[in-house]
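A.B. asks: Just so you know, the sequences run in chain order L and X.
Numbering follows the working numbering, in which position 313 of the first sequence is assigned residue number 313; successive positions increment by one, without gaps.
In short: position in the second sequence from 1, add 1000, done, that's the working numbering.
It should be emphasised that the hints constitute simulated quantities derived from the structure, not laboratory data.
No experiment lies behind these values; they were computed from the predicted model shown.
Quick reminder that beta carbons are idealized off the backbone N, C-alpha and C, glycines included.
It is possible that some hints are incorrect.
Said to hold, decoys possible - Just a few of them, taken from the derived set where beta-carbon distance is under 8 Å, the chain X residues facing chain L:
no., residue
1, Pro1157
2, Ala1158
3, Glu1159
4, Asn1160
5, Arg1163
6, Glu1166
7, Ser1167
8, Leu1168
9, Ala1169
10, His1173
11, Arg1201
12, Ala1202
13, Arg1204
14, Phe1207
15, Gln1209
16, Ile1320
Unchecked claim - As a list, the in silico EDC-like pairs of lysine to aspartate or glutamate whose alpha-carbon atoms are at most 20 Å apart:
no., chain 1, residue 1, chain 2, residue 2
17, X, Lys1276, X, Asp1016
18, L, Lys156, L, Glu105
19, X, Lys1193, X, Asp1170
20, L, Lys156, X, Glu1159
21, X, Lys1182, L, Glu155
22, X, Lys1057, X, Asp1089
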Amino acid sequence: MLGAAIRYSYLNAKTRTMHSMRLRPSDWHILETTKDRDAFLHYLATTSYAPWITEILEQKEQGDEVFERKIFGALFNDYRKILGALRDASSRELILALFSRFEGENLKILLRALFSGLGKAGAAHLLYPVERLSRLPWERLWQQKNVRDAVKLLEKTAFGPMLNHALSQFEAQGRLFPLEMAIDIACFRRIDAAAGAIGSRTDRSRVRDVLGSYVDMLNICHIARLRFVYGLSPEEALNYSYSGGNMDLRTLHAIARASDLSAMAKVLPRPFGGVVQGIAGDLTSLRLKLEEWLIGRLRRAFLGSPFHLGVQVAHLLEKELEIRGLISLYQARIHSPAMKAEDIVPGIFLKGGEHLVQAG
Amino acid sequence: MFRPVKLFRVTIQVPDKYMSQVLGILGDFKLLHLININETPLGKLGYVAGVQADLLKRYEKVLERITRLVRELEVSGPVPSLKMAPRPDRDIYLIDQRLSDMEDQVSSTLIQGRKAEKELSEKRELISRLELLEPADIDFTRLSSLRFVHCTFGILPAENLDRLEESLADIHHSLVKISEQKNRLVMAAFCLKSDREVLERALRSAFFQDLELPAGLKGPVGDVIKELREELPALEEKARAAQEAKERYRQKFGQELLLLREQAYVAQILLRAQAKFGKIDNTYLLTGWLPVKLYDRLRDRIMKATNGQAIVDRLDPEDIREVREGIIKIPILFNNPLLIRPFERLTSLYGTPSYEEVEPTVFLAISFVLLFGMMFGDVGHGLVLFLAGLYVFRRIYKYMDYGIILMECGVSSALFGVMYGSVFGLEDVIPALWLHPMKDINRFMMVSAAIGVGMISLGLILNLINIFKRRRYSELLTSGGLVGALLYWLLAGLAIRYVLSGPPLPIEITVAEAVSAVLIFIMIVERPITTLVRQRKKRASGAKPKGPKPALGTMILESTIEALDGLLRFLANTVSFVRVAAFALTHAALFVGVFSIADMVSHGSASGFPYYLTLVIGNIVIIALEGMVVSIQTIRLEYYEFFSKFFRGGGEPFQPIVDQETKEV
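Please model the entire structure based on the sequences and the hints provided.
C.D. replies: Here it is, written out as C-alpha cells:
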C-alpha cells in the first residue's frame, strides 16, 4: 500500500486534476442549445478544450472532419501527461496499447488511401493527430505503393503478425475488411496482453475490472453492428470479436446468434440484460445505454483506494467517450438541429447521474 | 584549369526542313548550354517552338521496350558513348526496326524461360505446402472418396483457435492439428458437406490461410511429394537451358541494346530541347552558350548540312549589354584534368563560381589531398582507402568520382604513412622519413600552422586576382583586400621570424607597429571615404541619394569593428589549421588505444587470435570513424578557412544539351 501510494500519489493528483476538467451537465446543456456550429465552437473554446478549439477557430479551418480529428488532441494530451508521469514499463505499455487504437484507426485510413490510390493529401483530414506519441513509421508508410508493401513495413510492429495473418484473406476477398478487422483485433490483443503483464496484483485486477467492462460493452455493440448492419453470420461476428472482456466465448456466441436486437437483449448476461431493457430497437440507443452504464463503471474507479492504474485507464476511456459525445452533438448541430442531446449523448453526461456510479 | 572555359553566345537560325539535321549536330557537339527562348524578347513576344509530340511519344514507347528488354536480359555495364548523335526524325525507324528484330529473336526464349521458372516455382511452392501435411500422413485418394464430409487444409493463427472452435459449435465439425510453427497451426478442418459454407465463413473470419491444394491429388502425401520432386530436375533443366539462351542473347545484344537505348535517350533529349527554341514562320531560332574553340566547327557543320541556308552568329560576352549589367549570367563550364575533375563536386557543393572569378577546384583538390594525407597518414590505411576507391571506380559507375577521390586520398595517406613510418599503426616496420607525429608534437603543430599561413595567403592572393578581374579596386583597401593581406603577411612574417631566429629586433618591432597602424587606419577610413565620395558624385550628377544619409561617426565605428573582426578572423583561421596536427595525433592515439585493448584481451602476450582480431576490428573502426572525421575536417578547412577568403560564387552551372555523365544501368 505504501509503495503504491508513493508510486501513484503524483500521478493520481495529476489524473484527478485532468478528470475534474471534464464537461459539466451545464456545459452539455449550453452546447445543446447553441444555435449553430460557430456558437458551439465558441462555447467549447471557454472549456478545457480551448487550446484545440482556438486552433481550429484561428486557422479558419471549416471542415467538420477537422473538428472531429483535432478535438482528439485534448485526449492525446492526457495520454502524454500520464505517460510522462509513469515510470513502470508494463504500465506504460498498457497506456500505449490503449493509444494504439488510434494508430489503428489511422492505419485503416492509410490502407484505404493506398487501396483506392488516394494520396496522403486526400486523406490527411481524416487522420487522428497521433504524431507526438506514435512510433510507427508514418512517413515511410505513406510512401508505399500498395497495401502489401505497407503491411510488410509494419511487420515488426504490434500490428504486424495479425495483419500478416489477414493478408491472404485480403488478397482472396479483394477488399480491406479482413485487414481492418485484423487491426482492431491486434489492438485489443495488445491491450489484453499488456493488462495481463502488469506486475502488481491490485493494479492488474483494477485495470482488468475497468477494461473488462469496456471490452464487453464494445463487443456487444460490435457484434450487433456486424450482424445487423453488415449482415455477417454469427460465426464471423464471433471470430471478429475482441479479447479481454469478462464475457466468455460461449456467451459471445449466444449474443452473435441472436436474430435481432430484442433477441440479443434477451440473451445478454447480467448486468447488461438490465441495462438495455426497453431499448427502442436501434443500435444508437443500445450504444447509449451501454455507454452510460460504462461511464458509471469508469467513475467507480475513482472511488475507494486511489493508488492504482485503473484510475488512469478509467479517465482516458471516459474522456474518449466525452469527446465522441461532443462530436455526435456537433454533427447533430449541423445536420439535424432538432435532435435532442439525450438521443445522441449518454445521459450521465447530461444529468450527472451519480446514482449510476454508486449502483455500478 | 584556373578559369572556366571561355564561351561565346551563339545564335542559330535554321529553316525548319533542316531542323532535324541541326539537332543531330547539336547532339554531337553536346557542349551547348541552351538559353530558353522564353527568357529572351522573342520568347516574350510568343515566338516559341513546340516539341514534336508524336515523334517524342514514339521515342518514349521505344525506350520503354528497350528498357524492358534490357531488364529481362539483365544487361548491365557502363553506357557506351555515341560516335554521332542521332537524327531524331530519321533514326526512329532504324531503332524501331532493329529493336523489333531483337525482340523477335529473343521473345520465344524469354517466354519459355519465364514459363519454366514459373512452373518450377509453383512446383516447389506446392511441395513446401504439402510438406506441412507430411506429419499427418494424409492419403488424398481416401479423402477424395469421402461422400458426405468436406475437408480443407490450411494454416491458422494459434490464438484464433478457441474462437474458431466456439464459432463452429453449432455444426458437426472437427479441427485436427497437424503441426505447429511459430504460433501458426497447420490444420485440417472437417465438416458435413451441407455445412461447408458455415465452415468456410468461420475459417475466413479466423484468418485461416487455405493451402490451396490442386484438385486431383492421389495417394499418400509422401508419394505425391516424391512424384513432384522427381519432376523438378526436368524443369530445372528447362529453366537452365532458357537461362543459358538468355545469357547468349545478353552477350550478343547487350552492348547494342545499351547503344540503342542511349540513341533513343539522346534523341528524346534533343526533341525535348525544342521547347527552348524559338520559331518565326518557317525558321527555327535557337541560342545558347558554346565553348569558343567549338564555334568554327559547329558553324561549318551547320552551314554544310543546310547548304548554307542557316545563319550562325556569335557574340563575345563582353559585347552583350545584359551580361555587363549582370542581368544575364554566363554559365560556368569547368575545365579540369581527369584527376582534378571529381573535386568539382566539392566546389559546386559550396557554390558555382561566377564567370569573372578564379575557378578554385585545382587548389581545392591539391590541398584536400594534402591535408587528408597529413591527418590520416598510414601506409596500410592508405592502401585500404585506395583499394576501396578502386572498387568504387570499377564497379559503382554512379560514384566513379568519389572512387577517384578515395584513391587519391589513399595514395596521399600512404605517402604520409611512409613519412611517419606507420603501417597499420605499427611504427617499427619501416623507418619514418620525416617524423613520428606522437614524438614530435611541437614541430608538427608548427608545420600545420605554417600550412595554414600558406593556404590563407593563397586565398588572399586569389582574392586580389578576383578583385582585379572584376575591377572592384576599392576592395583593395578592405581587410579582405590588399591592405588586409599586407597586414596579415606582416604579422605572419614577424611570427616566422620569431620561430626561426628568436625575438625580432626593437627596430623591426617599431617598423611593424608603424606599418600596422597605417594599414589599420586605411582599413578604418576606407568605407567612410568611399561612401562620401560616392555621395558627392551622385549629388554632382543630380541623382537623389537612396535611403537616409549614413552618419560619419556610425560609419567609422562600423569600419573599426569590421577591421578588428577581420584581424581576429585571420588569427582564428590560422590557428584553425593546427587541427591538422591534432587529427594526425588522434589517428596515432587511436592506434595506441587499439594496441592497448589488444594487449588486454591477449593478457599481455601480444599474440594469439583475440589479439589479432582486436587489431583488425580496431583498424576497421579507425578507418571508418577517423576517415569520416578527417574528411569532414578537411572539407571544413577548405570551405571556412580557404574558400571564405576569395570565393563569392553565385554563378550558373553549364548545362549541356546532352548530359555526358556516365549512367549506370
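A.B. asks: Hint check: is the beta carbon of X/Ser1167 less than 8 Å from a beta carbon of chain L?
C.D. replies: Holds: closest Cβ of chain L sits about 4 Å from X/Ser1167, inside 8 Å.
A.B. asks: Report holds or violated for the interface hint on X/His1173, using the least CB-CB distance to chain L and a cut-off of 8 Å.
C.D. replies: Nearest chain L Cβ about 11 Å off; hint violated.
A.B. asks: For X/Lys1182 and L/Glu155, compute the direct alpha-carbon distance and say whether it is at most 20 Å.
C.D. replies: Holds: X/Lys1182 and L/Glu155 sit about 15 Å apart, inside 20 Å.
A.B. asks: Can the hint on X/Gln1209 be confirmed by a CB-to-CB distance to chain L that is less than 8 Å?
C.D. replies: 4 Å, holds
A.B. asks: When the nearest CB of chain L is found for X/Pro1157, is that gap smaller than 8 Å?
C.D. replies: Check passed: Cβ of X/Pro1157 comes within 5 Å of chain L, closer than 8 Å.
A.B. asks: Quick check on the hint: X/Ala1158 CB to chain L CB, less than 8 Å?
C.D. replies: Violated, because the Cβ-Cβ distance from X/Ala1158 to chain L comes to roughly 10 Å (cut-off 8 Å).
A.B. asks: Does X/Ala1169 meet its interface restraint, that is, does its C-beta lie within less than 8 Å of any C-beta in chain L?
C.D. replies: This interface hint holds because 6 Å falls under the 8 Å limit.
A.B. asks: Does the interface hint hold: is X/Glu1159 within less than 8 Å of chain L, judged Cβ to Cβ?
C.D. replies: 7 Å, holds
A.B. asks: Starting from L/Lys156, check that the Cα of X/Glu1159 is at most 20 Å away, please.
C.D. replies: 18 Å, holds
A.B. asks: Should the hint that X/Glu1166 touches chain L count as held when the rule is a Cβ pair under 8 Å?
C.D. replies: 4 Å, holds
A.B. asks: Quick check on X/Asn1160 please, does its C-beta sit within 8 Å of some C-beta on chain L?
C.D. replies: 7 Å, holds
A.B. asks: So, as I understand it, the hint says X/Arg1201 touches chain L; can you test that by seeing if any CB pair is closer than 8 Å?
C.D. replies: 5 Å, holds
In terms of the numbered hints stated before, the structure departs from hints 2, 10 and 16, listed from lowest to highest.
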